[in-house]
Amino acid sequence: MAGKTLYDKLWESHLVSESGDGSALLYIDRHLLHEVTSPQAFEGLRIAGRKPWRIDANLATPDHNVPTEAAERAGGVASIADEISRIQVATLDDNCADFGIVEHKINDAGQGIVHVIGPEQGATLPGMTVVCGDSHTATHGALGALAHGIGTSEVEHVLATQCLVAQKMKNMLIRVDGELGLGVTPKDVVLAIIGKIGTAGGNGHAIEFGGQVFADMSMEGRMTVCNMAIEAGARVGMVAVDEKTIDYVKGRQYSPSEALWDQAVAHWQTLHSDADAVFDSVVTFEGGAIEPQVSWGTSPEMVLPVGGRVPNPAQARDAAQREGIERALHYMGLKPDMAITDIAVDRVFIGSCTNSRIEDLRAAAVVAQGRTVAGSVKQVLVVPGSQAVKVQAESEGLDKIFIAAGMEWREPGCSMCLAMNADKLGSGEHCASTSNRNFEGRQGNGGRTHLVSPAMAAAAAVAGHFVDVRELMAEKVAS
Amino acid sequence: MKAFTTHSGLVAPMDRANVDTDMIIPKQFLKSIKRSGFGPNLFDAVRYLDEGQPGRDNSQRPLNPDFPLNWPRYKGASILLARGNFGCGSSREHAPWALEDYGFRVVIAPSYADIFYNNCFKTGLLPIVLDDKIVDKLFADLESHEGYSLDIDLEAQVVIDSQGERFSFEVDEFRKTCLLEGLDEIGLTLKQGDAIKKFEQSWRQQSPWLFDVIC
Ligand code: SF4
Chain A
1 MAGKTLYDKL WESHLVSESG DGSALLYIDR HLLHEVTSPQ AFEGLRIAGR
51 KPWRIDANLA TPDHNVPTEA AERAGGVASI ADEISRIQVA TLDDNCADFG
101 IVEHKINDAG QGIVHVIGPE QGATLPGMTV VCGDSHTATH GALGALAHGI
151 GTSEVEHVLA TQCLVAQKMK NMLIRVDGEL GLGVTPKDVV LAIIGKIGTA
201 GGNGHAIEFG GQVFADMSME GRMTVCNMAI EAGARVGMVA VDEKTIDYVK
251 GRQYSPSEAL WDQAVAHWQT LHSDADAVFD SVVTFEGGAI EPQVSWGTSP
301 EMVLPVGGRV PNPAQARDAA QREGIERALH YMGLKPDMAI TDIAVDRVFI
351 GSCTNSRIED LRAAAVVAQG RTVAGSVKQV LVVPGSQAVK VQAESEGLDK
401 IFIAAGMEWR EPGCSMCLAM NADKLGSGEH CASTSNRNFE GRQGNGGRTH
451 LVSPAMAAAA AVAGHFVDVR ELMAEKVAS
Chain B
480 MKAFTTHSGL VAPMDRANVD TDMIIPKQFL KSIKRSGFGP NLFDAVRYLD
530 EGQPGRDNSQ RPLNPDFPLN WPRYKGASIL LARGNFGCGS SREHAPWALE
580 DYGFRVVIAP SYADIFYNNC FKTGLLPIVL DDKIVDKLFA DLESHEGYSL
630 DIDLEAQVVI DSQGERFSFE VDEFRKTCLL EGLDEIGLTL KQGDAIKKFE
680 QSWRQQSPWL FDVIC
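Residue numbers (the numbering used here), protein chains in the order written: chain A, 1 to 479; chain B, 480 to 694.
Bound conformation, chain A alone (with noise of 0.2 Å):
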């Protein structure tokens, strides 16, 4: 019998029965909460007079609809200014408080989005199910967990029940061999591979992302890799439990420790694909051939190298593909055939679940350093993920270069990624964005988003427009 992959492994261990038609119910182990698709969940138990399972599963904050500005974000849930905003944030501590759900609210120090602050506390481990009313669940998956986004009515039967109804899915690798060249990142090497295999790329598919650029990553690296997974088609990503994921779990607030540490650890370390494992599907990259990436377009796979031109619809290979791209140029305001390095922006967010954890803030300064915003660009934001990223930011003095580059500084939440608070794009204004989604509108009505990675986007808020990183790292060295 062929050996099993790292999500049979995950999947059997949770398994707490299986009917015949294929569904099986999985045993979920951690449920993050947020204020946007739990109120109903919550008041269907009410409604039902259910209580929930188990409350120590479970572990709330408020993160899509908190203002971002200190200001306003001072005087706590009153006074966010937005009235469904405040609703939102105010209805989840008051369902946190009446079923005793432990929260994170908005001031607090443990506060931040959902999926930063998951790995960050050991609220999320390796060998974990771990679900949220959120696609972006995937994230979780870089610890060797079992992640994925579920909705409302999912929300309230894993409160409920501790369970989910599930389906089994196939297995996909995903391998990237060798190295990345220097200003390559996370986040370019996951935009080139939905690029290639596209945003259906994964459907129906639990990705395994393996290979030595991986092996090589750092933890929250492989986050930002497992976070865009959904915008591959799957809703699961993962990595191997290795050396570095057991480092990075240690000593964190809800990490075992003493006696209970090695036994998990010991559990832990069988959290990999069999040699001799088979997947239904394998894609490989060479990680030396990956370049930094900009997407041009108004789907995730709409992504070209730094050094690309924007396609011509009269190279399309079929009329279907030709109307995307002269749909995607005309929302976008870009003209056929033009550099990707002439684009200009007129915003540019760093932030989001995929790319506001430290590393992303320290890869953003090092190319803020010494520079500042051309004068083209309205605004650059920086969002830290959470309360403890931006406490360790300022404790490094980011903060200070990118305010001295003339970018703001913000509290932690969601931000511009989505645009649920005050921070939006005007109608036509190009953003130069970290997050994970570049639909029509995401960023504010008429918006034009182009994912790219933080030290990308840093170096566009200087430029005024895309430029290659790596350029202004050469820039650096001969000075």
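These aren't lab readings, by the way, just hints derived from the structure by calculation.
Derived lysine-lysine pairs resembling PhoX-like cross-links, with alpha carbons at most 25 Å apart: (1) A:K51 to B:K481; (2) B:K601 to A:K168; (3) A:K105 to A:K51; (4) A:K196 to A:K170; (5) B:K676 to A:K168; (6) A:K4 to A:K244; (7) B:K513 to A:K105; (8) B:K677 to A:K168; (9) A:K424 to B:K506; (10) A:K9 to A:K170; (11) A:K105 to A:K424; (12) A:K424 to B:K510; (13) A:K400 to A:K424; (14) A:K168 to A:K9; (15) B:K481 to B:K655; (16) B:K513 to A:K51; (17) A:K9 to A:K250; (18) B:K670 to B:K481; (19) B:K510 to A:K105; (20) A:K378 to A:K335; (21) B:K670 to A:K51; (22) B:K554 to B:K481; (23) A:K400 to A:K378; (24) A:K9 to B:K677; (25) A:K244 to A:K9; (26) A:K51 to B:K601; (27) A:K335 to A:K196; (28) B:K506 to B:K601; (29) B:K655 to B:K670; (30) B:K676 to A:K51; (31) A:K9 to B:K676; (32) B:K601 to B:K513; (33) A:K168 to B:K670; (34) B:K677 to A:K51.
Derived Cβ-Cβ restraints for the label pairs, each shown as a range: (35) A:D177 to B:Q532: 53 to 61 Å; (36) A:G20 to B:D545: 48 to 56 Å; (37) B:G518 to A:N312: 49 to 57 Å; (38) A:G307 to B:D691: 51 to 59 Å.
Note that CB positions come from ideal geometry on N, CA and C, so glycine has one too.
The hints should help you fit chain B with the ligand onto chain A, whose structure is shown.
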């Protein structure tokens, strides 16, 4: 979810085909953080003369005198008699929530949009399909008899009118059981509660570090 075995109630008409979910509950009410309280805004655009907004006191709004649900004779109705393709359009679960919150427990129509039909069962609302001709007859009887009511027996899968005439209907066995026992999807999973507990116990023994940490 409330169990559904038999039901007797007053019938009200919604005499148009292709009633979509936006007509059942207009989109401005979807911003709510709740899943109850949609009843006062059921059919909002045709029920009131002004435009409804979330959070407004609906009791002060001008009612449309031509809309049957506003007529005294249909007050307290719990069975909605409707036309073909009822519940088409957006998949919003708010549509059955609104019907249920208003007080309906049964809808009778010649056909439904798929997603709406499915969503009804999750809310404990019984959507009954009867032949076009029978629905025509029910509409005629309803119009000519004030206080017209029907009896529904889900176990026997039959609608009975006051003359004792019986109209049988089809319903999927699984959904029928769920309604009879008052089981929604969560209720169904909880039927496996012992298996979940058993799994949890052995999992706790194997991986004790996953338990009682966040509290
Ligand atoms: S940062 Fe963006 S993608 Fe991530 S959870 Fe928030 S809104 Fe979703």
